[in-house]
Amino acid sequence: MQLKFLTTLVAVVAIGINLTGCKPKDAGSAVSGDAAEKVYVAPGKHDEFYNFLSGGFNGQMSVYGIPSGRMLKIIPVFSVFPENGWGYSEETKPMLNTSHGFIPWDDLHHISLSQTKGEHDGRWAFGNANNTPRVARISLSTFRTEEIIELPNSGGNHSSPFITENTEYVVASTRFSVPVDNQGDVPISSFKKNFKGYISFISVEPKTGRLGIKFQLKMPGISFDLARAGKGKSHGWFFFSCYNTEQANTLLEVNASQKDKDFILAVNWKKAEEYLKQGKGKKVPAQYAHNVYDESTHSASSTIINEVMTLDPKECPDLVYFMPCPKSPHGCDVDPTGEFIVGSGKLAAVIPVFSFDKIQKAIANKSYDGSFDRIPVLKYESVLYGEVQKPGLGPLHTEFDGRGNAITSFFVSSELVKWNIKDLKVLDRVPTYYSPGHLSIPGGPTSKPHGKYVIAYNKITKDRYLPTGPELAQSAQLYDISGEKMKLLLDFPTVGEPHYAEALPAALIEKNSKKIFKIEDNHHQYVAKGEKEAKVIREGNKVHVYMTAIRSHFMPDNIEGIRMGDEVYFHLTNLEQDWDVPHGFAVKGSSNAEILIMPGETQTLKWVPDRVGVIPIYCTDFCSALHQEMQGYVRVSSAGSTVPLTFSTGKVNAPEVGEKVVKK
Amino acid sequence: MIMKKTVTMLVVALSVGWYGCSSDGAKKRADEAPTDPAAVVSQDEVHGTEVKEVTLSTPLDGAMVKQGQGIYEMKCSSCHKLDETRLVGPGWKGVMSRRKPEWIMNMILNVDMMLEKDAEAQKMLELCLVRMPNQNLSEPDARSILEFMRMNDGEK
Numbered sequence: 001m002q003l004k005f006l007t008t009l010v011a012v013v014a015i016g017i018n019l020t021g022c023k024p025k026d027a028g029s030a031v032s033g034d035a036a037e038k039v040y041v042a043p044g045k046h047d048e049f050y051n052f053l054s055g056g057f058n059g060q061m062s063v064y065g066i067p068s069g070r071m072l073k074i075i076p077v078f079s080v081f082p083e084n085g086w087g088y089s090e091e092t093k094p095m096l097n098t099s100h101g102f103i104p105w106d107d108l109h110h111i112s113l114s115q116t117k118g119e120h121d122g123r124w125a126f127g128n129a130n131n132t133p134r135v136a137r138i139s140l141s142t143f144r145t146e147e148i149i150e151l152p153n154s155g156g157n158h159s160s161p162f163i164t165e166n167t168e169y170v171v172a173s174t175r176f177s178v179p180v181d182n183q184g185d186v187p188i189s190s191f192k193k194n195f196k197g198y199i200s201f202i203s204v205e206p207k208t209g210r211l212g213i214k215f216q217l218k219m220p221g222i223s224f225d226l227a228r229a230g231k232g233k234s235h236g237w238f239f240f241s242c243y244n245t246e247q248a249n250t251l252l253e254v255n256a257s258q259k260d261k262d263f264i265l266a267v268n269w270k271k272a273e274e275y276l277k278q279g280k281g282k283k284v285p286a287q288y289a290h291n292v293y294d295e296s297t298h299s300a301s302s303t304i305i306n307e308v309m310t311l312d313p314k315e316c317p318d319l320v321y322f323m324p325c326p327k328s329p330h331g332c333d334v335d336p337t338g339e340f341i342v343g344s345g346k347l348a349a350v351i352p353v354f355s356f357d358k359i360q361k362a363i364a365n366k367s368y369d370g371s372f373d374r375i376p377v378l379k380y381e382s383v384l385y386g387e388v389q390k391p392g393l394g395p396l397h398t399e400f401d402g403r404g405n406a407i408t409s410f411f412v413s414s415e416l417v418k419w420n421i422k423d424l425k426v427l428d429r430v431p432t433y434y435s436p437g438h439l440s441i442p443g444g445p446t447s448k449p450h451g452k453y454v455i456a457y458n459k460i461t462k463d464r465y466l467p468t469g470p471e472l473a474q475s476a477q478l479y480d481i482s483g484e485k486m487k488l489l490l491d492f493p494t495v496g497e498p499h500y501a502e503a504l505p506a507a508l509i510e511k512n513s514k515k516i517f518k519i520e521d522n523h524h525q526y527v528a529k530g531e532k533e534a535k536v537i538r539e540g541n542k543v544h545v546y547m548t549a550i551r552s553h554f555m556p557d558n559i560e561g562i563r564m565g566d567e568v569y570f571h572l573t574n575l576e577q578d579w580d581v582p583h584g585f586a587v588k589g590s591s592n593a594e595i596l597i598m599p600g601e602t603q604t605l606k607w608v609p610d611r612v613g614v615i616p617i618y619c620t621d622f623c624s625a626l627h628q629e630m631q632g633y634v635r636v637s638s639a640g641s642t643v644p645l646t647f648s649t650g651k652v653n654a655p656e657v658g659e660k661v662v663k664k
Numbered sequence: 001m002i003m004k005k006t007v008t009m010l011v012v013a014l015s016v017g018w019y020g021c022s023s024d025g026a027k028k029r030a031d032e033a034p035t036d037p038a039a040v041v042s043q044d045e046v047h048g049t050e051v052k053e054v055t056l057s058t059p060l061d062g063a064m065v066k067q068g069q070g071i072y073e074m075k076c077s078s079c080h081k082l083d084e085t086r087l088v089g090p091g092w093k094g095v096m097s098r099r100k101p102e103w104i105m106n107m108i109l110n111v112d113m114m115l116e117k118d119a120e121a122q123k124m125l126e127l128c129l130v131r132m133p134n135q136n137l138s139e140p141d142a143r144s145i146l147e148f149m150r151m152n153d154g155e156k
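Chains as they are written, first to last, in my numbering: chain A, 1 to 664; chain B, 1 to 156.
I should point out that these hints are in silico values taken from the structure, not numbers from a laboratory.
Be careful, since some hints might not be right.
Quick partial rundown of chain B residues pointing at chain A, CB under 10 Å, derived from the structure [to be verified]:
id, residue
1, K66
2, V88
3, P90
4, V95
5, S97
6, V111
7, V130
8, N136
The structure presented is a predicted model; accordingly, all values stated were derived computationally and were not measured.
Here a beta-carbon is modelled for each residue, glycine too, at the ideal position from N, C-alpha and C.
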């Protein structure tokens, strides 16, 4: 099959993907007899690994169990999620604020899981927004997005959110070079002169995880694709794959594919820290949002920051070096020892493997092959460890099994290829269905891979599942890599379009998974800690309903005295303190979504009544045998109405609080 | 989430049926077509430590009563009234004469265990149909609620 592809390589690449050609003929018989047993996780039993998948164009992150491929959760990140109120509740709206205002959607491509000493530590997941450049941090104890930071001077944040081995930094580099934010009105054709490619180094506070842009590197106008930090011996360096070194601003499909070699950029970030200490950094005006969710107030805040620190490599020698890499490299992956950097040129016929030791030597010897925009280009031969010859078509991304082997995904030839890092010999290849982008080995990007499985995230599924109209299921495939030969075990559908994903042992997370929020620790401005604190307060045309929920009633569940022109804020506190007892809340005719409220939490649904009448409200999350009874009414009167503001639940309560009118 | 809850519901139904047959509780489930025990996936419930003995002293501990009342208002009053009226759960008036202190403490701290083992607790579930929530109280919390119940029942 490989030979057949090589003969048609040029045509296939030029006209796009020839699916029929890529489809292996023995698709049905590719699975061995014990595959079902290997992925079967009995009812009530848990998976061995968590797999965090990017959702691509759904803007979310999804969580799967491996080896079963069962979906456990969708974590809303950059896109609103009416299912639980993310981006609809008053508390979460600020999380989606940007310098452009509220943005309801983005495109999440890559995941990084936090590391300590080069190994997964199970604390946080990071995700990137590819459209409106941002980075998010997700807590792996609450499985919620806790923080989102926007990136100034950036186009699409694709080359992100890759991290250093102690999570010192998350990087975010732009796939679109753009004019600097406040000097944007220039001809597009002035690309080479006016467009810059910024790389942001976002620091992560070790205890809290708080993000801050430590500095931005002002690079020439090229595109950054992916990145990886050095580890072990190469800790202190970061490597970025670069394309469009042709500096084209139109028809990149052709114009950015002219050169035989683009670059991998090597950044000495420890050196950058030294330059910052020496005062070489320059603060420039910028505008970007920094949004933080506070678990104790159950509320988010958004702050606009007005300047950013920049470093210009032209003024900072020995900070960055280009290494030639064939051809439009995508993956740029560092092996567990930190010595080898694997470039995956998606249009290249070889996989180049660079040596960190040789890079250091080449720098010391000034073994240069000219410069690019005054940045030294190291000689290809002087930094190259070797090339994997004829590995397949369209290498994209490489991870490592921890036994001295690498596994690379091949988009064009729809396969995974295992090769030995030392002797660069291809050991095994196995078809995928079809066209994988990224792949993931649990712990694969760390210095301690758990080389039991590899998962391929496919771009095309075509005939693999029951058809569902023109838009088909997205898909991942699980392979056993514990033996010499890789074995296909399972196809499982995914939501959105998975790009990169990371997996780690479940034991690192499951014990820390939060069960409830302690009601005693709830410091929400509008909390009602018990029904005694439930009340309705009018402030002008704003009506605040301090409401409680417990199996299975709201307090209050009858409200009168709402008038047309009012804005009603239902602040719902879930009084439950047991695991897995959320309540939900919805209002008939509300142009908002619903909210789900976890035990001990307060969330707010804003409602602007659009008509006079009696409006039903109810609990949307099945909570008990009497869940269906968890409902109530709100009476809306005309604008000038004199109906007094009253609230109650149940006749028993009526003499105590039923007649009470609270005014402020 | 829905699946999990459905399972919980099923377990509740099972418990009600089973214990209904083997204890004094009313029969809520027909004997025909029993659940095949082999089909029941046993998942060990993790319970707290059973409270075996509670010592009450007189007079009441005022600080404890006050703390108990605070916890009652935050975590219990949604379902339990202080008179005899049953709301979601039974009213608390007279509870000290109906129940032993240990029973009350275990119901607060170990509701899963009680609903699994205790016939009286099972009867309450059949009556109320909502499992009493675990409100995540510590033993001193539960003890102070007990003190508040004593006060509510007129003890000095």
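How the hints compare with the structure:
1. K66: violated, 15 Å
2. V88: Cβ of V88(B) sits 7 Å from chain A, so the hint holds.
3. P90: Result: violated, 13 Å to nearest chain A Cβ.
4. V95: violated, 17 Å
5. S97: violated, 22 Å
6. V111: Interface hint status for V111(B): holds (9 Å vs cutoff 10 Å).
7. V130: holds, 5 Å
8. N136: N136(B) check passes; min Cβ-Cβ to chain A is 4 Å, inside 10 Å.
Checked against the numbered hints above, the structure violates hints 1, 3, 4, 5; every other hint is satisfied.
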